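Novice: One-letter residues, chain by chain:
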Amino acid sequence: MALLQLDHVKKYYRLHRSWLAGHKIVKAVDDISFTVEQGESFGIVGESGCGKSTLARLIAMIDMPTAGSILVEGNDIALLSAENRRQLRRNSQFVFQEAYAALNPRFSVGETLLEPIRNFALQQSINSDCRIEQVINFVGLPSKVLTKYPAELSGGERQRVCIARALILQPRFILFDEATSGLDSTLQSQILSLLNELRRNLNLTYIFITHNLQILSRVTDRVAVMYLGKFVEIIASDRLDSSRHPYTQELFAAIPASHPLQRKDTVLSDRPINQKEIPLSGCSYYPRCRLAIPKCKTQIPELESAGHGGLIACFNID
Amino acid sequence: MADAIRTGFWLRLWRHKFGHWSMAILVLLVLLAIAAPVIAPHNPVDTDLSAVSQPPSILHMLGTDELGRDIFSRLLYGARVSLTVGFGAVLLSTVVGVLLGFISGYFGGIIDNVLMRFVDGLLSLPTIVLVLALQALGDQNIWNVVLVIAFANWMQTARLVRTEFLSIKQKPFVKAAVTTGTKDSNIMLRYILPNCMPSVIVLATINVGHAIITEAALSFLGLGIPPHLPSWGNMLIGGQRSILLGNWWITLFPGLMIISTVLAVNFVGDAVRDALDPLSMYKKSS
Chain A
1 MALLQLDHVK KYYRLHRSWL AGHKIVKAVD DISFTVEQGE SFGIVGESGC GKSTLARLIA
61 MIDMPTAGSI LVEGNDIALL SAENRRQLRR NSQFVFQEAY AALNPRFSVG ETLLEPIRNF
121 ALQQSINSDC RIEQVINFVG LPSKVLTKYP AELSGGERQR VCIARALILQ PRFILFDEAT
181 SGLDSTLQSQ ILSLLNELRR NLNLTYIFIT HNLQILSRVT DRVAVMYLGK FVEIIASDRL
241 DSSRHPYTQE LFAAIPASHP LQRKDTVLSD RPINQKEIPL SGCSYYPRCR LAIPKCKTQI
301 PELESAGHGG LIACFNID
Chain B
1 MADAIRTGFW LRLWRHKFGH WSMAILVLLV LLAIAAPVIA PHNPVDTDLS AVSQPPSILH
61 MLGTDELGRD IFSRLLYGAR VSLTVGFGAV LLSTVVGVLL GFISGYFGGI IDNVLMRFVD
121 GLLSLPTIVL VLALQALGDQ NIWNVVLVIA FANWMQTARL VRTEFLSIKQ KPFVKAAVTT
181 GTKDSNIMLR YILPNCMPSV IVLATINVGH AIITEAALSF LGLGIPPHLP SWGNMLIGGQ
241 RSILLGNWWI TLFPGLMIIS TVLAVNFVGD AVRDALDPLS MYKKSS
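Those protein sequences? They're chains A and B, same order as listed.
Numbered continuously in my numbering, the first sequence closes out at residue 318.
Numbered continuously in my numbering, the second sequence closes out at residue 286.
Keep in mind that the hints are not guaranteed to be accurate.
What the hints assert, rightly or not - No farther apart than 30 Å at their CA atoms in a straight line, the calculated lysine-lysine pairs in the DSS-like style are these:
#1 A:Lys27 - A:Lys295
#2 A:Lys148 - B:Lys17
#3 B:Lys169 - A:Lys24
As the list claims (entries may be wrong) - Ranges of calculated distance between the beta carbons of each label pair, as one might list FRET restraints:
#4 A:Pro279 - B:Arg117: 38 to 48 Å
#5 A:Ala101 - B:Val30: 20 to 30 Å
#6 A:Asn127 - B:Ala35: 47 to 57 Å
Calculated from the structure, these hints are not laboratory results.
Quick caveat: nothing in here was measured; it's all calculated off a predicted structure.
Beta carbons: idealized from backbone N, C-alpha and C, even for Gly.
Whole structure, please, built from the sequences with the hints as guidance.
Specialist: Below you can see the structure in the form of structure tokens.
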């Protein structure tokens, strides 16, 4: 049984524009299906506004999908009672963007970390003081921050407190939504190594949502590339070089080379990036695509297995 | 740890610049009100037609009013009425307002709509008309005055709390509380309510002044407490005519009492709000 299974999940928002113009539908997540197995680390990349965080909120059970189903450990979350859904949260934790806003300003760090333990009435079964100290040291913070309030911490420290909060219940599954974006590269590297080690030792499952392509190959097994609410390619992280979808290639070509001699011929699209240009039919990427053929304008490509062992949604990859 | 935070709260409260002076003033006023029968040199309702409108003297510390009643004694007894009305009405209206605002924000939908339209209706009436209409229904006693003024003042608090509730509910830390498995009741009481309090406290301190003045207006119109019994408000208003005759002491002293009470309450409110806010503590200690 897969730990997490998404089946044709859609999340549409209705924007009420005006009394006369009526509604406009925004397809933040549009027909996404994938499964994540126990012990796997899955990455989701894409540019800003492509629906990554909406997808995260769906998986976090904060929002409910417009259509489709999300199965966590085999349970359809839409069919669970509120209490059962709450119980399910013990094994799945989430680290959000905006670390400062994600911490209650009236709780000290120690209280924030005690909350999850109290929520599941685990004070008796685990030594909470000991666990809190262990977790806060794990993310590289001294024990004295436990008495401090979020307002007294730096951005990186707050982000680490959020990571510590996700780890405190020792969940089986953790979703990181841009969780390390505010950390300097040494610290980021350190935390990613620790998370990798943790995953190996405890057989944890991760989902990393990021726009930082460099960290993907370090911490994930598979990567899904998202564009305007859809997955365009799913590929093994160690084979990112052999990606074939034009959008994935464009995305990776945008990483600056670390040495002038390594500079590749750019495949960046010279067409302007304009979010308003979502086509009414066909592949949502074709207005920007350098490989577009007439078929792309009328039909929507489905994810299909490609030569590189992953899945790809494109008509013109050969 | 919770203990350390609680003592931190009292310490921060005490360190507030005007906070402890204001608290001292309020405590003093309450003690004076309680001890009025012991301290008062004269009976506050006894008229003395041989000593009408006398300026402050040794016999009458703060002078006498136009019926020859001792102003100092009346201020002491008046404190009982004014403080009871001021704090009682505000306490009651704040509790009711927070409760209804919370219900409105939590349930939303029809309950929210009905409650808020009711609030709109009440707010569209001038306070004094509302208060007069209600007071006319009951007896002239102080508890009725408290009830009536509380009823005329809870709407703004309810509105405020509802708005705060809805905005705090959307904040990421509440979402984070949900994903760490916090129960709904816990989210209400430990995440949303404490974060509503700063604005509620500010509004409540403003309302204390309003309540004291509203009581005065009621008494002036003959619908508050019986006219022979003193309150700061009816002393102030009763002395209006004498100002023109140069008898300044009749209105000055009750006016000073009202001003100092309202100011002290405002400073204490400020201090409590700041002491509740960990961020401001950080700013002050650094």
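Novice: Each hint needs a verdict: does it hold in this structure or not?
Specialist: Hints and how they fare:
As the CA atoms of lysine 27 of chain A and lysine 295 of chain A are separated by approximately 22 Å, the hinted pair is consistent with the 30 Å bound. Using a Cα cut-off of 30 Å, the hinted pair lysine 148 of chain A and lysine 17 of chain B holds, with the two alpha carbons roughly 24 Å apart. For the suggested pair lysine 169 of chain B and lysine 24 of chain A, the alpha carbons sit about 26 Å apart, so the restraint of at most 30 Å is met. For the hinted restraint 38 to 48 Å between proline 279 of chain A and arginine 117 of chain B, the CB-CB distance of approximately 45 Å keeps it satisfied.
Here the CB-CB span from alanine 101 of chain A to valine 30 of chain B is close to 41 Å, at odds with the stated 20 to 30 Å. Checking the proposed 47 to 57 Å range against asparagine 127 of chain A and alanine 35 of chain B shows it holds: the Cβ atoms sit about 54 Å from each other.
Going down the numbered hints, you'll see the structure goes against just number 5.
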